[in-house]
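Asker: Single-letter residue listing:
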Amino acid sequence: MINPSLQYHHQAPVFFLDRVTLQGFFGQPGSLLSCLAAGISQFYVIGWMGALFTTAAAWWICRSTQALLRSSACARVVDQHPLRGPEEPPAAGESESRKASSRRGSERCLEIQSAHLLPAMLLLAAQSDYAFPIVPVLLGLCLSLGGAVLDRQFRSFRLGWRWSAFALILILLAWLVQGFCLVFVGVTLALETSRLWRPWLQRVTRRPLFQGLRRHAVICIGLAVAGYVAMTFDRQQKLLIEIDLMARQGRWARVIDLAGELHKTTPAAAMDISRALFHLGRLPVDQFSPSLPQPLVLLPLTDAQLQGGGLALVDVLLDLGQVNPAEHGAYETLELQGERLETLKCLARIHELKHQPAAAQIYRNRLHKNPAFRWLMAHPVPSDASSGDGNTPGTAAYESFRLQKDYPGTLMQPDFLLFPLLQANIKNRMAFEYLMGFYLQTRQLDRATQLLQRIDELDYSPIPRTYQEALALFHAVSPSAQTNAPEPGVLPNVSKRLADFLAEYQQLNPGDGTGRRRLEQEWGDTYWAYYFLSDRGASASISATDNYQ
Amino acid sequence: MNPDHPIFRAAISCLLALVGAASPAPIDQGPVPRHKVTRAARIFPDYAGIVVPPNIAPLNFSVRESGAEYHITVRSLVGDSIAIHTRHDTIRFPAGAWRQLLKANAGNDYYVDIETRDADSGWQRFTTITNHIATEPIDSRLVYRLIRPLYNYFREVGIYQRDLEGFDEIPVLDGRSFGDGCVNCHTFNRNSPATMAVNVRSRDYGRPLIIVNNGQVQRIPHTAGYLSWHPSGELLAYSRNKLSLFFHTVGENRDVFDAESDLAIYDVGTGTVALPEFIADPARLETWPEWGPAGRFLYYSSCSPRPFAEFSEVRYDLMRVAYDHPTRAWGDVETVLAAAETGLSATQPKVSPDGRYLLFCLSDYGSFPVYQPSSDLCLMDLAAREWHRLECNSDQCESWHCWSSNSRWIVFSSKRLDHVFARPHFSFISPSGHASKPFVLPQRDPAFYDSFIKTYNVPQLVTGAIRVSPETLTEAIRNVPASPQ
Numbered sequence: 004m005i006n007p008s009l010q011y012h013h014q015a016p017v018f019f020l021d022r023v024t025l026q027g028f029f030g031q032p033g034s035l036l037s038c039l040a041a042g043i044s045q046f047y048v049i050g051w052m053g054a055l056f057t058t059a060a061a062w063w064i065c066r067s068t069q070a071l072l073r074s075s076a077c078a079r080v081v082d083q084h085p086l087r088g089p090e091e092p093p094a095a096g097e098s099e100s101r102k103a104s105s106r107r108g109s110e111r112c113l114e115i116q117s118a119h120l121l122p123a124m125l126l127l128a129a130q131s132d133y134a135f136p137i138v139p140v141l142l143g144l145c146l147s148l149g150g151a152v153l154d155r156q157f158r159s160f161r162l163g164w165r166w167s168a169f170a171l172i173l174i175l176l177a178w179l180v181q182g183f184c185l186v187f188v189g190v191t192l193a194l195e196t197s198r199l200w201r202p203w204l205q206r207v208t209r210r211p212l213f214q215g216l217r218r219h220a221v222i223c224i225g226l227a228v229a230g231y232v233a234m235t236f237d238r239q240q241k242l243l244i245e246i247d248l249m250a251r252q253g254r255w256a257r258v259i260d261l262a263g264e265l266h267k268t269t270p271a272a273a274m275d276i277s278r279a280l281f282h283l284g285r286l287p288v289d290q291f292s293p294s295l296p297q298p299l300v301l302l303p304l305t306d307a308q309l310q311g312g313g314l315a316l317v318d319v320l321l322d323l324g325q326v327n328p329a330e331h332g333a334y335e336t337l338e339l340q341g342e343r344l345e346t347l348k349c350l351a352r353i354h355e356l357k358h359q360p361a362a363a364q365i366y367r368n369r370l371h372k373n374p375a376f377r378w379l380m381a382h383p384v385p386s387d388a389s390s391g392d393g394n395t396p397g398t399a400a401y402e403s404f405r406l407q408k409d410y411p412g413t414l415m416q417p418d419f420l421l422f423p424l425l426q427a428n429i430k431n432r433m434a435f436e437y438l439m440g441f442y443l444q445t446r447q448l449d450r451a452t453q454l455l456q457r458i459d460e461l462d463y464s465p466i467p468r469t470y471q472e473a474l475a476l477f478h479a480v481s482p483s484a485q486t487n488a489p490e491p492g493v494l495p496n497v498s499k500r501l502a503d504f505l506a507e508y509q510q511l512n513p514g515d516g517t518g519r520r521r522l523e524q525e526w527g528d529t530y531w532a533y534y535f536l537s538d539r540g541a542s543a544s545i546s547a548t549d550n551y552q
Numbered sequence: 171m172n173p174d175h176p177i178f179r180a181a182i183s184c185l186l187a188l189v190g191a192a193s194p195a196p197i198d199q200g201p202v203p204r205h206k207v208t209r210a211a212r213i214f215p216d217y218a219g220i221v222v223p224p225n226i227a228p229l230n231f232s233v234r235e236s237g238a239e240y241h242i243t244v245r246s247l248v249g250d251s252i253a254i255h256t257r258h259d260t261i262r263f264p265a266g267a268w269r270q271l272l273k274a275n276a277g278n279d280y281y282v283d284i285e286t287r288d289a290d291s292g293w294q295r296f297t298t299i300t301n302h303i304a305t306e307p308i309d310s311r312l313v314y315r316l317i318r319p320l321y322n323y324f325r326e327v328g329i330y331q332r333d334l335e336g337f338d339e340i341p342v343l344d345g346r347s348f349g350d351g352c353v354n355c356h357t358f359n360r361n362s363p364a365t366m367a368v369n370v371r372s373r374d375y376g377r378p379l380i381i382v383n384n385g386q387v388q389r390i391p392h393t394a395g396y397l398s399w400h401p402s403g404e405l406l407a408y409s410r411n412k413l414s415l416f417f418h419t420v421g422e423n424r425d426v427f428d429a430e431s432d433l434a435i436y437d438v439g440t441g442t443v444a445l446p447e448f449i450a451d452p453a454r455l456e457t458w459p460e461w462g463p464a465g466r467f468l469y470y471s472s473c474s475p476r477p478f479a480e481f482s483e484v485r486y487d488l489m490r491v492a493y494d495h496p497t498r499a500w501g502d503v504e505t506v507l508a509a510a511e512t513g514l515s516a517t518q519p520k521v522s523p524d525g526r527y528l529l530f531c532l533s534d535y536g537s538f539p540v541y542q543p544s545s546d547l548c549l550m551d552l553a554a555r556e557w558h559r560l561e562c563n564s565d566q567c568e569s570w571h572c573w574s575s576n577s578r579w580i581v582f583s584s585k586r587l588d589h590v591f592a593r594p595h596f597s598f599i600s601p602s603g604h605a606s607k608p609f610v611l612p613q614r615d616p617a618f619y620d621s622f623i624k625t626y627n628v629p630q631l632v633t634g635a636i637r638v639s640p641e642t643l644t645e646a647i648r649n650v651p652a653s654p655q
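Protein chains in written order, with the working numbering: chain A, 4 to 552; chain B, 171 to 655.
It is worth saying that the hints were derived from the structure and are not from the lab.
It is possible that some hints are incorrect.
[Said to hold, decoys possible] With a straight-line cut-off of 25 Å between C-alpha atoms, the simulated SDA-like cross-links for lysine to any residue are:
| no. | chain 1 | residue 1 | chain 2 | residue 2 |
| --- | --- | --- | --- | --- |
| 1 | A | Lys267 | A | Cys223 |
| 2 | B | Lys624 | A | Gly27 |
| 3 | A | Lys372 | B | Gln613 |
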């Protein structure tokens with residue numbers, strides 16, 4: 004259920020093995036925890052290693068909690084020998100009596116049996132929303148509880164030594180983990196005062212309710228954790244993160260599989276899905292498919308989509324051949340999200356495409372200062388793209404796609420971005436399909452039909468179904484296009500289906516919700532359903548910016 | 171700990187090994203060269219054939235030649251040489267020995283001998299690198315803004331001061347200390363760290379101008395544009411611009427269009443603003459103010475406004491207007507360099523502290539040279555009114571230049587290393603107005619620039635450390651006066 008790689012992809016902190024980064028971490032007390040956590044978090048990129056760390060941390064928290072609970076609530080042999088050091092061997096025959104005493108203690112503290120599982124289990128369960136800063140918390144708790152366990156080892160020392168040890172551990176923890184040292188203080192105080200609250204706890208736990216709970220402690224804890232997971236697990240969030248990761252890795256089929264399970268989408272995910280459809284050659288067919296979260300975003304139509312696009316938008320722009328807008332987007336992402344590996348990788352690629360090898364090398368050098376990236380470079384993830392789907396442009400294709408003419412301005416409107424690309428090279432299939440998709444999405448049938456006049460130059464055979472539906476619709480509804488001659492490229496069955504749809508649609512009462520739903524069910528995969536029945540039109544514009552550096 | 175403990179002994183051994191790997195060795199331990207290479211070794215940064223100040227930090231470099239061992243000797247006419255024998259290509263000079271060598275040899279050349287040992291061909295010696303040590307020192311601190319290549323948003327923007335005689339860099343003001351704010355256009359009066367002005371933009375605390383005058387920090391509620399101090403410290407000339415960022419689809423991505431701009435004079439003592447009509451002419455755009463060192467002239471860039479569609483036709487003249495500070499009287503406006511003469515746009519005028527030279531940017535068009543790869547530094551002899559492009563230019567952008575207080579050194583931002591990130595470069599300006607080959611700001615780790623993804627913006631030379639703490643400046647920014655009820 005919890006995939007450490009996804010956790011890494013979603014929330015990995017910035018970490019580089021260089022002086023500047025480490026200085027930034029060590030700038031204030033307590034930042035060592037951030038530094039350690041950031042360093043450890045990098046290994047979450049390797050799923051099994053992340054799982055290993057989480058399990059080890061949970062085990063340590065379990066053990067520490069168990070040790071602390073036992074030492075507070077159970078009889079302790081060391082209490083009988085306050086001046087004995089921990090390394091002093093027991094007197095002859097004493098070992099057996101210590102074991103027996105410990106067993107008696109354990110029997111007396113049944114009320115806390117299995118309680119040590121609770122913190123670790125809840126912490127593990129808390130990862131279910133993929134947004135929990137699990138590494139610093141686990142690490143902070145491990146260290147603080149470790150400190151408390153260590154402190155208990157000094158119980159046999161004289162009071163002065165004990166207090167000295169306590170102060171030393173506290174100072175060390177305060178420097179290491181800052182706020183988490185309160186856990187150490189709290190636990191130690193609780194243990195020191197256990198003589199006061201233990202009788203009360205024993206009285207409470209002798210009540211019938213607790214007697215029942217005591218017998219079924221493991222089951223109760225299991226149910227509590229399961230309940231916690233059920234309440235907090237965010238399946239949609241996991242899907243969104245996974246779609247993002249799969250799109251980064253070029254695993255398009257997986258993106259589409261996951262998209263089918265999404266209930267609501269984000270601009271970045273919608274762009275990833277559109278891009279996956281294109282790379283699978285399905286965009287002209289499935290752009291309006293009801294099995295995918297609608298509406299799909301090809302390129303941002305609103306300021307919110309522009310700002311929410313992030314690297315997904317950058318990838319689309321790069322695939323299209325719009326290197327400068329991609330550079331713009333990548334630098335915005337870098338500034339807003341920090342030095343994430345994907346962003347740095349993307350910038351290295353952009354500067355390579357811009358024939359700036361020195362700048363690209365700077366980003367690659369930066370990446371090499373991250374241990375996770377070095378591992379990823381040594382173990383690349385196979386992608387659909389690398390297996391050659393025929394739609395992913397390589398560097399050579401970029402050279403033929405890239406613009407030679409400057410179009411200065413501030414707008415990121417789809418037609419502003421796409422039209423020049425087609426003017427530069429009509430073979431840019433992605434620009435063609437995206438511009439067609441934009442026209443169809445914004446119901447600009449006249450422009451779509453105009454663009455389709457150049458479809459012969461792109462080797463589509465036959466013309467994709469959605470395009471045929473748009474052509475047939477334009478032919479049917481546009482007064483300027485209504486002639487008796489059939490629209491070239493539109494198969495007869497498409498024209499017939501349109502006639503059937505229009506007949507049904509004309510009989511539909513505007514206020515008839517049931518009829519509308521029935522029509523949507525029957526015709527939902529057609530462009531006509533989107534054109535007539537969907538209210539998800541897209542026409543908002545993106546405002547120009549007036550900021551400057 | 172017991173010194174015989176194995177862990178203790180292992181730690182000491184490791185420490186000794188580490189220290190030994192990069193420590194300078196006596197010269198007599200050097201290799202015997204067997205093979206001479208008739209070219210200089212490739213080093214980064216390029217510190218070959220340059221003029222250096224006698225007070226600059228060690229010019230550490232990495233040798234970009236393959237080798238299993240490296241032996242570097244730095245020598246000059248007077249005093250001991252510095253020899254480094256190492257297995258790594260990273261060469262770091264000991265600060266004390268470096269300082270002594272430069273100080274004892276000011277005015278002389280110094281030589282860098284590089285020898286490498288290849289597994290196959292044995293030791294080889296490259297042609298000696300010769301650099302010159304100037305007698306004139308450079309101002310001891312460099313103040314700059316560190317930013318990533320920015321577009322519309324910013325998060326990490328800070329002004330830092332760097333000790334040029336060492337490697338210490340400390341923050342002057344970090345934008346994150348007042349809620350992801352922006353700080354820009356830090357300006358000093360005649361290279362003095364005691365008098366500073368800096369613009370601030372913050373969502374939470376407004377857009378104040380912060381003025382530091384001999385330790386006193388003052389918050390002016392409204393930010394200014396490009397700034398320049400009158401030498402008296404009583405006036406600040408500033409520009410009022412209506413700038414917009416726009417983008418290109420090929421080549422350099424970002425560009426700036428200035429739709430409206432005027433100059434204004436802020437009186438620090440009285441808090442009043444004057445808008446003299448000849449520098450705030452609605453029929454002209456005036457920007458980049460710069461007071462001459464005596465305060466008798468205000469230099470600036472000016473042009474006729476054009477619509478955005480003609481942005482590539484916008485070319486600025488260099489102008490100046492006379493000013494008499496005791497009487498506060500303005501004189502005549504004169505054209506120092508007409509765009510019609512050059513066919514280019516002249517911006518960012520900076521007069522040398524001795525008043526002899528005017529250093530400015532010439533670019534194809536526009537008022538914002540930092541986004542113009544065509545931007546070059548040019549030097550005009552103000553007496554003869556003759557100008558030439560400086561020898562320290564590259565095919566990439568040079569801009570944001572600043573003079574040292576003795577008029578012999580300049581610092582400027584150049585994108586020559588990678589075409590994206592601006593790095594501060596220093597060049598010696600001879601009395602006859604010629605520039606030496608520039609060198610990049612030295613770093614403790616010579617590979618520093620290989621992976622540093624921030625740009626050095628507006629490098630300014632100052633004669634000492636800025637004493638006002640970041641906390642004091644932040645407090646002034648946060649001290650927003652209560653609005654009247």
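Asker: Please go over all the hints and tell whether each is borne out by the structure.
Answerer: Evaluation of the provided hints:
no.	hint	verdict
1	A:Lys267 <-> A:Cys223	violated, 35 Å
2	B:Lys624 <-> A:Gly27	holds, 15 Å
3	A:Lys372 <-> B:Gln613	holds, 18 Å
The structure does not agree with numbered hint 1 stated previously, though it agrees with all others.
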